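Enquirer: Once you've looked at the hints, go ahead and assemble the two chains, each given alone in its own frame, into the complex.
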Amino acid sequence: MNSIVAYILMLLIISVIAGFAFNFTAAQKRITLYKGVDVKSERVYHSQSGYHGYLTAWLIGISGFLIFLGGLFLRPDTGGLIFNTVWIGVLILTAASITYLCNQRIRPEFRARTHVERLVIGALIVLSAIAVFTTLGIILSLLFESLRFFDKVPFTEFLFGTQWSPQMALRADQAGQSGSFGAVPIFAGTFLIMLIAMAIAGPIGLMIAVYLSEYASKRVRAYVKPAIEILAGIPTVVYGFFALLTVGPTIRNLAEGFGFSVPTQSAISAGVVMGVMIIPLISSLSDDVINSVPQNLRDGSYALGATKSETMKKVIFAGALPGIIGAFLLAISRAIGETMIVVMAAGRAANLTGNPFEAVTTVTVQIVALLTGDQEFDSPKTLAAFALGLVLFVITLILNVIALTIVRKYRERYD
Amino acid sequence: MSQIENPETKSKKKKNRKSGKKPHKMTSLHNSEAALLRLKKRRAKEGRFILWGRLAIGFAVASLMWLLFSLVGTGYTAFTQHFITLDVKLEASILDPTDIRDPEKLRAANYRRLIQTSMQAQIEGVTDRKEKRALFNLVSASGATNYVRQKVYKNPNLVGQTLTVTVPTSDEVDQLLKGYIDRETPEARRKVSNQQIEWIDELVDRGVIKPKFNTIFFTGTDSRDPELAGIASAVVGSLMLLSVAFILAFPIGVGAAIYLDEFAPKNKWTDLIEININNLAAVPSIVFGLLGLAVFLNFFGMPRSAPLVGGMVLALRAFPTITIATRAALRSVSPSITNGALSVGASHVQAVFHHKLPLAAPGILTGTIIGMAQVLGETAPLLMIGMVAFVTEIPTSVMEPASALPVQIFLWSDSAERAWSERTSAAIIILLLVLITMNGFAIWLRNKLEKRR
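Protein chains in written order, with this note's numbering: chain G, 1 to 415; chain D, 1 to 453.
Just chain D, same shape as in the assembly (with noise of 0.2 Å):
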């Protein structure tokens, strides 16, 4: 900024303030009195200038710092969360009063009666009903629930003994006991009574409830509770995503970059698909959607929701990228490695082949791994294809509904419950995490490929 200031007039300019002189009494057009002032004005437009320059980035870190913050600052607690012990008397009265131990009836038997039972064992002197459910809501009812009848199904001689579970806690407990429930306000406006805020820091200070890495959000599926929601089957959803992405835009990608820089004749067919292919990677998102409901679904008859689908959707979302980026990096190959290979005897094929594409390697690279990544961010053409299921199982294969990140994200966001806002934006940081893993491997392959040249 300064280069256009010369040094030398400043420190004059100095010196002749410090002896009270006025600056050179012979006037000219360029030190006139108004030219002075002129160039005065056009140093405080360079001024301005450099000040909105430095606003905009100013105004763009700030926007990303200010995303990132509010993110992992709403994110962060989703990490862990609070879990309660408790001793289950499993009886058999309740289990099992027919004594047969046939694990389809032991499944279907009353669990809720257990748990509510060794939560009243924790608190003395419940004896109203309404106290009783009060008790009991405490803990995650399916969450303990199931949690038990997992144990007892599998092992149906655990009827009779005292089963040590630790299941979580109801996500209303969870956000009070993280601070985000204020205990302040009049009880009728609150989610927890008085009565089970009084239950709640007697079990904390024996130790009953205590925080744990919440190990739930990473094993566990999409559900109805907070508590018990996680992000398993839509990280498996959008791995088998990526990889069917992958399967299908690699090579249509690759291959179309070689056919268009190396073998295509110049004419009016390859100025199409040229054009295609540019201008495919600027089309909205959403458009491939309805391309893939349209054909995919609704001609061809592919399930809905599935994983398989998707990937196609998002590979000919993704494909121009790679294709993009795979010219870029073959025109960076000096044209003396083909010469060099063509005038040994090398065929065509064979110098781009052998000498060319290895060369051109991490360009590609860096191109597929950019493309993946939009692939793994993408929603809306998964909105389109119905992959909003709520899903509850781990998918196996790519015919099964599956969900994936961005959309779990999206369906979670839709609740406006603190406990589902906390899930939201840890699920955003694991995907966040991901993809700036991603680029910022990408980035380091060109910048290493940038120096090596």
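Just chain G, same shape as in the assembly (with noise of 0.2 Å):
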């Protein structure tokens, strides 16, 4: 490990160096025409001096990168040993033909700024290719674990049995003990955590845009909107921990004030507390949606008489319509996919239960059971969280393209 460090910090150096040198020979060469000859010569080079220093710099790097590449693919175990003093002398043997290479083509016509331009497109052509990568590999990753997950047990029963009981498949070796992966019960539960969320995030973030862009003061907004990007702001840990020390316990103590029990970990605390978390993300995104509506709508509707809330109800409303319903497709995929608070507060059986007073289990929270642990990489239940991960992916992904996609075409409506 700490030889890949040094080999990298090396290569660095050496380029930085390397550029630096080159920068002040050219610049040497170009003031001993310049003084040499005659005025004209100045004005013939292509490029400043810099330019050429910086094409060594991005040649070393480059090609010191592929240098260590290549030794990664050669002895992709021992990662520690191949970075000895061996390669770092391929290393300074390649920036020294580099630079020699360099060196003789400072000439006057040589376009070294316009190498050096491509080159930096060039990077950020790949920087900007690693999101199509990433998603790539989610993808495929996510599918190969998947289909070997498949293989085992049928998609079919993945998909609507009723029995979730993945502790089973560890002991393998016991008979009629094979586990069972109908997934139903995960997502009945994960759907009513998102109804309730939604149901307290919905109107409630909805109503906190509607007041701040219409009604509330400068000075009433200058105090809420900190105040909910601070919520904006909390990790969802934190939320997971609020909701089982004080939303569950609380729940339960009301319920059996009316004479119920229920446990601390039930849907309805983490979903509470879910709805919280979400009410931020809906309240801004709303703000936006509402604020981009023309203000010429909204004087037409004062004039024909309207109140604000008329205005804000038949007007607003009706043309902000997609771009609220966009924030509520991107709220429920942030719900969907919220981990850490289920985790905490919404508990582990899987109950196929529409009862918010009791536990459920969510999708995150089984992918989040079924790999922290020893695990063995082969068994189902380990692939069981690629499957579950992959439903996941695939839902929110199409949530979020649909409302990505609403709120663009909405946008452009108003510009």
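Rather than coming from a laboratory, the hints here were simulated on the basis of the structure. The structure presented is a predicted model; accordingly, all values stated were derived computationally and were not measured. Treat each hint with caution, since some may be false.
In silico PhoX-like links for lysine-lysine, alpha-carbon gap of 20 Å or less [as the list claims (entries may be wrong)]:
{"hint": "1", "chain 1": "D", "residue 1": "K41", "chain 2": "G", "residue 2": "K313"}
{"hint": "2", "chain 1": "D", "residue 1": "K105", "chain 2": "D", "residue 2": "K154"}
{"hint": "3", "chain 1": "G", "residue 1": "K308", "chain 2": "D", "residue 2": "K154"}
{"hint": "4", "chain 1": "D", "residue 1": "K178", "chain 2": "D", "residue 2": "K130"}
{"hint": "5", "chain 1": "G", "residue 1": "K225", "chain 2": "D", "residue 2": "K448"}
{"hint": "6", "chain 1": "G", "residue 1": "K308", "chain 2": "D", "residue 2": "K40"}
{"hint": "7", "chain 1": "D", "residue 1": "K178", "chain 2": "D", "residue 2": "K154"}
{"hint": "8", "chain 1": "G", "residue 1": "K313", "chain 2": "D", "residue 2": "K89"}
{"hint": "9", "chain 1": "D", "residue 1": "K41", "chain 2": "G", "residue 2": "K308"}
{"hint": "10", "chain 1": "D", "residue 1": "K89", "chain 2": "D", "residue 2": "K45"}
{"hint": "11", "chain 1": "D", "residue 1": "K132", "chain 2": "D", "residue 2": "K89"}
{"hint": "12", "chain 1": "G", "residue 1": "K409", "chain 2": "D", "residue 2": "K268"}
{"hint": "13", "chain 1": "G", "residue 1": "K218", "chain 2": "D", "residue 2": "K89"}
{"hint": "14", "chain 1": "D", "residue 1": "K45", "chain 2": "G", "residue 2": "K314"}
{"hint": "15", "chain 1": "G", "residue 1": "K409", "chain 2": "D", "residue 2": "K210"}
Examples of chain G residues lying across from chain D (beta carbon under 8 Å, computed) [claimed, not checked]:
{"hint": "16", "residue": "E157"}
{"hint": "17", "residue": "L159"}
{"hint": "18", "residue": "M340"}
{"hint": "19", "residue": "A369"}
{"hint": "20", "residue": "T372"}
Even for Gly, the Cβ is constructed at its ideal location relative to N, Cα and C.
Expert: Set out below in structure tokens:
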């Protein structure tokens, strides 16, 4: 490990030094020319001296990186051993030869700047392609592992089975203990918690957005907006602990007062806290959407004698509806994918129930439960997590793409 | 809210009411009884609508307050802890009967005995075996013995002398003195016996047990005993994650933004990249954890629990945020800047890098800080790549198993005891302070930027 770090540091240092040194030689050459011949020769050089230096540094950097990748590729198992003096020697040799070649090319007509700029743009393309590779990586890894899972457990059983007890699968030698992977209770639990969260966050987030954009004075906005932004900045693990420490027991005590018994970990406590977490998402997105409805629609409505709330309900909502739907879809996708709150506050038992006062489990909770702790990589128990992950990814992907398209189309409408 | 209500009609109504006259005999579309009733209804509706808005804001603010108060209320007591001062006689007959002063032998000696003896010196008349054990339970067993052991190991010449040490009490004593264990509950259901309470009160009266600032919480690592648990290793792990994620996410995020905004031709490929980045920002974080597990751990065989892997996963999570913020910042730079640079003969690359980027820098910085705040609070992907190990040493390189602050919070939250929830809340307070500082700085930067324009 340390030798890899050493290699990369060395590479950086060599390329920077070469770049500077080169900058210097190129400048020297130019000055000699400038002094020696005539003023015209200054103009004859296509690129400023610095670009010759940049070019050297870039070339050394790239080739060094390629050598590094080659080293990893040749000996992937012993990442620590290969980057010894031999490789650093190879690196120095390459650097020296590149420096020599570049030095040869310092001529007035050599377009060093164009080369450097091409390299820069190439690097930018590579960086932006990482986004595509990440998505590809996600899809491929989820798909690959899920296919292995569906080899062992039929696809239909997974999607439509109502029995979820993956713990059995560990003891493969026991007869009749193959575990069952019917994911319907999990989907139902996820849906239930999402509904509770949206029932809280939807109206409240929307009303906050309406009030802040249409009614609130500047002073109120100056205090309320940061408070809502703080809500957005709180990590979900903190919300989870809040649900476990405070909200769950409060709901349990309240219910006991009415004569019910509710466990501390229940769908309702996880859902309520998740709703609070999602409020800022809905309110800020809806705020943007409401603000982007043109003022003259409002003025027209007021001119007809409508009150503010009537204008809001009949004119602005109608205009902003697609954007608001987009915001809600993004919020739903967030609620489905939320992990820490449900892991800490919703429980792990796979109940097929619509009762919010019971403990339910969600897709994310099961992924965490299946993958933390000791695991054999080939068991259906581990692979099931990837199948659940694939379902999660596909659903959120569809929601996100629809939401983003709606929001973008909507923006174009009033631009 | 009151712009709709015409102040004139209000005052007129008042006048009319005073003089007892009915408003306007002449009826028209707008002041017939039905119309006035309708108006009243509409105004009531308006009022209700505003009330709903205020209630919604009230709910959000109240939830925030409730969350903060409940966490601070449980957590602030963890910053102090009760310590006990003991005179420990380092008797050679117990520590080093052979008199060689071999550090390794000294390390393995029976320090429990020493602490027990010194505890018995504090309270007179304890002879019963059971009582002796109860007395010893007042002090943090592994905390005290390890502390003395370290001292002796480092300096074997201490053997034979008397060492005055200040060590943490056990968490039960701490909780009792902080008032979280009710003295009124029957003894059988209490973790501290009546006898022990008597001893504790006596020691507190004599000033042997005293509350002190809890340095252990900041310098200690994870532990089985709450009185010895600290966040140091988690903080170091989090810092490592943050630096790895920053080194990777910053160039990727900014580079992708520059390419998409400045150099990309409008075609299918760039559309694809754009959709991808927007979508990645909304993909559930746990999916990134699955990616890390399948690709980095299982395919490339990188070590589990290492901050390097965690940082890479979190970098993938954070860079779309940076890209989106950078693009917004780049777009807000006036095109006249680029045009000016181009018109005096700069190339496109020069115009962007020399003129546009410096002007967009504050916006980029804001986005980066927000992205890094996300990284700092992220937990789920770290669980996937195995950063749930019980880490008792402060990691020294990014390849060693480490913990992170949010993961430590998650792990501690599992224990129901009061001493643990106190420490969990305290760790949350620290995390929130850091995050609020980061976000506050980002907001301040953004406001300053908006003012300048």
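Enquirer: Each hint needs a verdict: does it hold in this structure or not?
Expert: Do the hints match the structure? See the list:
1. K41(D) <-> K313(G): Given that 20 Å is the threshold and the Cα spacing comes to 16 Å, the pair holds.
2. K105(D) <-> K154(D): Holds. K105(D) to K154(D) sits at ~13 Å (cutoff 20 Å).
3. K308(G) <-> K154(D): violated, 77 Å
4. K178(D) <-> K130(D): violated, 26 Å
5. K225(G) <-> K448(D): holds, 17 Å
6. K308(G) <-> K40(D): holds, 15 Å
7. K178(D) <-> K154(D): Violated: K178(D) and K154(D) sit about 34 Å apart, past 20 Å.
8. K313(G) <-> K89(D): Roughly 81 Å between the alpha carbons, so the hint for K313(G) and K89(D) is violated.
9. K41(D) <-> K308(G): holds, 14 Å
10. K89(D) <-> K45(D): violated, 81 Å
11. K132(D) <-> K89(D): Measuring from Cα to Cα gives roughly 18 Å; hence the hint holds.
12. K409(G) <-> K268(D): Roughly 18 Å between the alpha carbons, so the hint for K409(G) and K268(D) holds.
13. K218(G) <-> K89(D): Outside the cut-off at roughly 69 Å; violated.
14. K45(D) <-> K314(G): It holds: about 14 Å lies between the C-alpha atoms, which stays within 20 Å.
15. K409(G) <-> K210(D): It is violated: about 66 Å lies between the C-alpha atoms, which goes past 20 Å.
16. E157: Since chain D brings no Cβ nearer than about 22 Å to E157(G), farther than 8 Å, the hint is violated.
17. L159: At about 19 Å, which exceeds the 8 Å cut-off, the nearest Cβ of chain D leaves the hint on L159(G) violated.
18. M340: At 5 Å from the nearest chain D Cβ, M340(G) passes the 8 Å test, so the hint holds.
19. A369: violated, 10 Å
20. T372: holds, 6 Å
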